[in-house]
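In order, the protein sequences belong to chains A and B. Those letters in the first sequence? Residues 1 to 330, by this note's numbering. Those letters in the second sequence? Residues 1 to 201, by this note's numbering.
Don't take each hint at face value.
Unchecked claim - The calculated BS3-like cross-link candidates involving lysine-lysine, where the alpha carbons are at most 27 Å apart (straight line), are:
hint, chain 1, residue 1, chain 2, residue 2
1, A, 26, A, 42
2, A, 26, B, 58
3, A, 19, B, 152
4, A, 42, B, 65
5, B, 108, B, 65
Think of the hints as simulated: they come from the structure by calculation, not from any bench.
Listed here are the chains, written in short residue letters.
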Amino acid sequence: MKQSASSTGQKENNPDPDKYFDELRKENYDGTFQPVEIWLRKSSSILSNKNSERKFINMKNYFNSHKFRLAYTFLILAFVVAACNYPVTQQETVSDVMTWSVNKDNTEAVSKIHSFDWIKNGEYTENINGEGKISYSLVIPKENVDRVSDYKSQLEAISGINDVKMIPINETIKRPVYSALLNGIFKTDINATNMSDEELKEEVSRQLKNAGIENAQVDFEKNADGKRLIRLDISGEQLKKEGDFDITIRDGNNVSRMKELRKESPDGGEKFKGKTDSEIRDIVRKDVDPALTDDQIEIIRDGENAMVRIKKINKDNKGNTIIEDDIKLK
Amino acid sequence: MLSETSQFLELLRPEYNDALKYCKALCAKRSIDDAEDVLQQSLLKSLENFDRLNDRSKFRSWFFKIITREFFNSVRKDFWRKFIPLDNAMQVPEMPEVFDRLENDNNKIILSRALSRISSKERSAILLFEIGGFSIEEIRDIQNEKSTSAIKSRLSRAREKLRKIITNEEGNISNKKNKNSIIIGDLHNETVSLIHGTEGK
Numbered sequence: 001m002k003q004s005a006s007s008t009g010q011k012e013n014n015p016d017p018d019k020y021f022d023e024l025r026k027e028n029y030d031g032t033f034q035p036v037e038i039w040l041r042k043s044s045s046i047l048s049n050k051n052s053e054r055k056f057i058n059m060k061n062y063f064n065s066h067k068f069r070l071a072y073t074f075l076i077l078a079f080v081v082a083a084c085n086y087p088v089t090q091q092e093t094v095s096d097v098m099t100w101s102v103n104k105d106n107t108e109a110v111s112k113i114h115s116f117d118w119i120k121n122g123e124y125t126e127n128i129n130g131e132g133k134i135s136y137s138l139v140i141p142k143e144n145v146d147r148v149s150d151y152k153s154q155l156e157a158i159s160g161i162n163d164v165k166m167i168p169i170n171e172t173i174k175r176p177v178y179s180a181l182l183n184g185i186f187k188t189d190i191n192a193t194n195m196s197d198e199e200l201k202e203e204v205s206r207q208l209k210n211a212g213i214e215n216a217q218v219d220f221e222k223n224a225d226g227k228r229l230i231r232l233d234i235s236g237e238q239l240k241k242e243g244d245f246d247i248t249i250r251d252g253n254n255v256s257r258m259k260e261l262r263k264e265s266p267d268g269g270e271k272f273k274g275k276t277d278s279e280i281r282d283i284v285r286k287d288v289d290p291a292l293t294d295d296q297i298e299i300i301r302d303g304e305n306a307m308v309r310i311k312k313i314n315k316d317n318k319g320n321t322i323i324e325d326d327i328k329l330k
Numbered sequence: 001m002l003s004e005t006s007q008f009l010e011l012l013r014p015e016y017n018d019a020l021k022y023c024k025a026l027c028a029k030r031s032i033d034d035a036e037d038v039l040q041q042s043l044l045k046s047l048e049n050f051d052r053l054n055d056r057s058k059f060r061s062w063f064f065k066i067i068t069r070e071f072f073n074s075v076r077k078d079f080w081r082k083f084i085p086l087d088n089a090m091q092v093p094e095m096p097e098v099f100d101r102l103e104n105d106n107n108k109i110i111l112s113r114a115l116s117r118i119s120s121k122e123r124s125a126i127l128l129f130e131i132g133g134f135s136i137e138e139i140r141d142i143q144n145e146k147s148t149s150a151i152k153s154r155l156s157r158a159r160e161k162l163r164k165i166i167t168n169e170e171g172n173i174s175n176k177k178n179k180n181s182i183i184i185g186d187l188h189n190e191t192v193s194l195i196h197g198t199e200g201k
C-alpha cells in the first residue's frame, strides 16, 4: 500500500511538500500528445531503417573486431570437417565363417550335422574333396557371433568331425565391400540407390574384378512396376568349379540378390542324367527346400547334362522384398 | 513496425501526462530543453525496443524505467561532454516543444528549486512515488536497486530535505515580499557608507 510522502514524520511547523506536488500533479500536457504522436510516427519509419543499418554495422564491427578469432575458429572447423571426411581404410569383422570336415562315409555325423537348425537355416556350402571328406563352410552373421562357441561345441561333440575353425570375414569401411573367398565364397553388398545404370554397372564390374571375376556382363531391365532389375552373366570359367557367388544390390527399397551355388554332383553330373523334369524337381526340393514350387525350379538342359535354376522371392531382415534369388545346380 | 507504433501509441496515451510531469520535474536542476531531450530520447528508445516488451501490461513501469535511465545517461553525458565531444546516434526530426518555457507559479518554482537541490536518485525516487504513483517495490525495480529498504530510506531522506529546502525557500520569498522597500533603503545606506569610507581613507 502506497503511503503519502507527507504522511510520515511531518512536523507541524514545517510546510507540506504534498501541496507543492499537488501543483505538479495538476499540470496537463494532454494537448501536446497529438503533435508528439505525429512526430513518433514519422520517427518510427526512420528508426526501422536505422535498425537494419545498425544491425549491419554491429555485425560488421563484430567481424572486424573478432576477425582473428573467427579465422582460427573457421580453420579449426575446416580441419575437423576435413579430418572427418578423410578416407580411411578400416577393417571390420562383419561375420565369421566356420569350417569343418567330416568323412563322407560317416553318415551318422553327416545326418547329425544336417539336423542342426542353425545349419539348416544358415548359409553354408559343402564340398567333397578327392580324399573322400566333406568340407563344410558356414557363414555366421555378425548378430549370431556370440553363439559361435555354442555351435563349435555342438560340432565337436559329434565324433568324426575334425578341424573346426573360425575365420573372420572383414570389410573395409572405405570401400564397402566385404568378401570371403574362402572355399570359393564371393559375397558383396552394393548400395545402388541414386546410382545411374552406368555407375552401377561400373561398380559391379569393379567389385567383381577385385574378386578375380573378369568380363562379367551386367545388364538392366525394368519390370512391370518400373523397378530396375539387374541381370548379371558370368562365364562359368570365371568362377571356381565349386565356388559360391552372392551379390546383393540395394536400390532404394528394392533389393536384388543374385546368388549362385555351383554344385558339381559327386557322381560327376550323373545325378540329373536320364531324369525327368519332375524327378529333378523332387531331387532339388529334397536338397534345397521342400517348399519350392515347380515354377521356381527351372531346368535347363544341355544335351545329356541338366542345370537347375531356382528362383525364390524372399524378404530380408528389414522386410524389403528380395526379388530374385538364383541358385544353380549342375 | 507501423502496427507496433500504433500499439505503442495506444499504450503511451494514458501514461503520457504523468511521464511528461515526471520528466520535467526530474530535470529540475537543468533546463526545459534538457527535459525535452530526455523525453525525446526516452520516447525513441521505448519505441525502438517496444517489440522486446513481452508483457504489455507492464508498459507503465517499463516506460518510466526508460525515462529514468535516459535521465541518468544524460547526467553522465553532461559530465563527459566537458572533456570529449559526444554525438547523438539517432538522426530523427526534433520533437515538438511540449513544456512551457515561462513558469509564473510560485509553488512550482519553489518545488523545482527544492528538487534541484536533492540528489538525482532521491529526486527520481520521490517523483516516481508522488507523480508516478509507483510502490516501493516498483521504484526498486525501476532504479535497479536490490533492497526495498534502500528505497525507503532514500524516500525518507528526500522528503526531509525537501521539507527543509521548501521552508527556506518560503522564508526567502516572504522576506523578499516584506522587505521590498527596505532593500532599496539598504542599498542607499550601503552606498552612503561606502562613500564615507572612501573619503576617510
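- Task: Take the C-alpha atoms of residue 19 of chain A and residue 152 of chain B, compute the straight-line distance between them, and say whether it is at most 27 Å.
- Result: 21 Å, holds
| Given the hinted pair residue 42 of chain A and residue 65 of chain B, is their alpha-carbon gap at most 27 Å? | 24 Å, holds
Notebook entry, point to check: Does the alpha-carbon distance linking residue 108 of chain B and residue 65 of chain B stay inside the 27 Å limit?
Noted result: Within the cut-off at roughly 24 Å; holds.
Exercise. Decide if the proposed pair is consistent with the structure: residue 26 of chain A and residue 58 of chain B, CA atoms, cutoff 27 Å inclusive.
Key: 25 Å, holds
Checking one constraint from the list: CA of residue 26 of chain A to CA of residue 42 of chain A, max 27 Å. Satisfied? It is violated: about 30 Å lies between the C-alpha atoms, which goes past 27 Å.
The structure is inconsistent with hint 1 alone, although it conforms to all the rest.
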